[in-house]
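Enquirer: In the order they appear, the protein sequences are chains E and R. Using the numbering used here, you'd call the opening residue of the first sequence number 1 and step up by one each time. Using the numbering used here, you'd call the opening residue of the second sequence number 1 and step up by one each time.
The set of hints was computed from the structure by calculation and includes no laboratory data. Watch out, some of these pointers could steer you wrong.
Cβ pair distances, simulated, as ranges [as the list claims (entries may be wrong)]: (1) 19(E) to 126(R): 51 to 57 Å; (2) 257(E) to 82(R): 22 to 28 Å; (3) 166(E) to 82(R): 56 to 62 Å; (4) 70(R) to 9(E): 24 to 30 Å; (5) 220(E) to 247(R): 25 to 31 Å; (6) 39(E) to 159(R): 56 to 62 Å; (7) 135(E) to 187(R): 53 to 59 Å.
The beta carbon of each residue, even a glycine, is placed where N, CA and C say it ideally should be.
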Amino acid sequence: MSDSMPPGFSMPLGASLYPPPPYEFRRADQAWIQYEVDTEAIKQMLPPGVEPDSDPAVCEAWVCWYSWSTLGPYHEAYIMVRVVVDGVRYWYQPVIFTDSEVPLAAGREVWGFAKKLAVMSWDWGGASRGGTRNEQLLFTVERPAGQRIMTFTMAPEAPFPPSERENLPVLSFRHLPPSEEGAPPAASELVRLDVAGALYKSADGTPEFWTGRGSVSFDARSTIDPWHVFTPTKILGAYWTTADFSLPLGTVVKDYLA
Amino acid sequence: MDINTWFNQANTYPAPPWAFRGSNQIAINFDAEADAIAALLPPGVTMDLEPDGSARCEIRICWYPWSVYGPFHECYVLVRTRHKDETVWFLPLIMTDNDIPTSCGREVWGYAKKLATMSWEWGAHTGGQVVFTMERPAGVRLLTATFAPHRRALPAERVGHHVMSHRHITGGNGDTVSELILVGGSKALHVSANGELDMWAGQGSINVPGASIDDPWHFVRPTRINNAYWMITDFALEPGRVVDDLTLVR
Chain E
1 MSDSMPPGFS
11 MPLGASLYPP
21 PPYEFRRADQ
31 AWIQYEVDTE
41 AIKQMLPPGV
51 EPDSDPAVCE
61 AWVCWYSWST
71 LGPYHEAYIM
81 VRVVVDGVRY
91 WYQPVIFTDS
101 EVPLAAGREV
111 WGFAKKLAVM
121 SWDWGGASRG
131 GTRNEQLLFT
141 VERPAGQRIM
151 TFTMAPEAPF
161 PPSERENLPV
171 LSFRHLPPSE
181 EGAPPAASEL
191 VRLDVAGALY
201 KSADGTPEFW
211 TGRGSVSFDA
221 RSTIDPWHVF
231 TPTKILGAYW
241 TTADFSLPLG
251 TVVKDYLA
Chain R
1 MDINTWFNQA
11 NTYPAPPWAF
21 RGSNQIAINF
31 DAEADAIAAL
41 LPPGVTMDLE
51 PDGSARCEIR
61 ICWYPWSVYG
71 PFHECYVLVR
81 TRHKDETVWF
91 LPLIMTDNDI
101 PTSCGREVWG
111 YAKKLATMSW
121 EWGAHTGGQV
131 VFTMERPAGV
141 RLLTATFAPH
151 RRALPAERVG
161 HHVMSHRHIT
171 GGNGDTVSEL
181 ILVGGSKALH
191 VSANGELDMW
201 AGQGSINVPG
211 ASIDDPWHFV
221 RPTRINNAYW
231 MITDFALEPG
241 RVVDDLTLVR
């Protein structure tokens, strides 16, 4: 009888789906729109003890194309809500989609990023969807294919000073159900993630951080994927970065089972 | 507020039980070389070998046209093992093609699911056989299995054991949940219009052509096919029972 585990970090041991952190990303394109929302509408999506840090609440809709990572290439889209927990401010992430199983499982299991698979496209100029080329990045999210959950556009117009971006840690809710009826969950906790990264620079040394105009709409009214509760009431800004970054293990800041 | 109640918002999967209707499952029972498979077993689980030293295994290919996870295909390996004083089917490898049962399976029972491209074909072009294929990624064939139904069968023909999985998840602060779980649930065979059970015995084939360290399905290359059955059932999956905590072993 063996007294040691099969090798590996994640299931299946002996043929792991994903390696141990940190997970490395190179030349990652990320765009987001910051906006205000109806505070009451989004409260249902926040776990106990997590409160918006303003009224109206401030959210961000992020769209990402990761052309190279140690989890493989994939798209991602998510919402973040600026919150406060025990006096500390975070970007809390209530909903997130990806289109690859490896970051799906790693995200859910390591940090509690509540990922589902969706059909996404990152289209710079709109031509691949049969339209004419134009000034806008177009990102679409459908789940399932044919049911549009989010449509995002961003037109980059001017470099943005990175120092003007307030960097806050990301917060997620990690919940592992019980494996026995009547038993407590295996984990139920808020996890903080601090992301270390570096912006690419253009030939003249300007960081690849752009601001401009943007739009975001949450098309479907759905209880399956209720992204529509994050519908903007006022757009505050639109941004696009190209960066390398690294995702380490997180830190538990609240244990609901304690 | 009860954290389990709150968690019902925008759930990836609902609360148990998880119901299936009209499920097609084909079980092909076979023997294989034991050495490679042994490397996939967790501490406390040992091979229950045949007298000639072979591992007794089963591959199950599944088409679930209706479930609360949506429709999906699935394919998994069972290895006959011993844990403490019980004979169990240990489940080291499993693939599906839908993210909802992937997440639920990994998180609730430790079914180590990955997504693959699968097909279940049963038609005029398949020569009287179900033809099941599995590729990961698409274009890299991991398994081809076929089954030809030959006669009606009865449940008593099959030897049943509990299925065991290994839930092993590291996250949060780096803490690991590592436990062996016996899976629960109930299953009922469909009954045809003439009152007979929808269970068929027949001939099966398995081909695992690859040699991959990502997806080592070639570890269960058959040396002898023993029997094969096709069952159409309704069933419901429920949480299991933790029979061993391996958290401190690592």
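Enquirer: Now, for every hint given, state plainly whether the structure supports it.
Expert: Consistency of the hints with the structure:
The hinted window of 51 to 57 Å between residue 19(E) and residue 126(R) is violated, with their beta carbons roughly 39 Å apart. At about 33 Å, the beta-carbon gap between residue 257(E) and residue 82(R) misses the expected band of 22 to 28 Å. Range check, residue 166(E) to residue 82(R): about 58 Å between beta-carbon atoms, so the 56 to 62 Å window is met. Range check, residue 70(R) to residue 9(E): Cβ separation about 29 Å, and the 24 to 30 Å hint holds.
Between residue 220(E) and residue 247(R) the beta carbons are some 41 Å apart, a value that contradicts the proposed interval 25 to 31 Å. At about 60 Å, the CB distance of residue 39(E) to residue 159(R) agrees with the hint of 56 to 62 Å. Checked against the hint of 53 to 59 Å, the pair residue 135(E) and residue 187(R) passes, with Cβ atoms roughly 58 Å apart.
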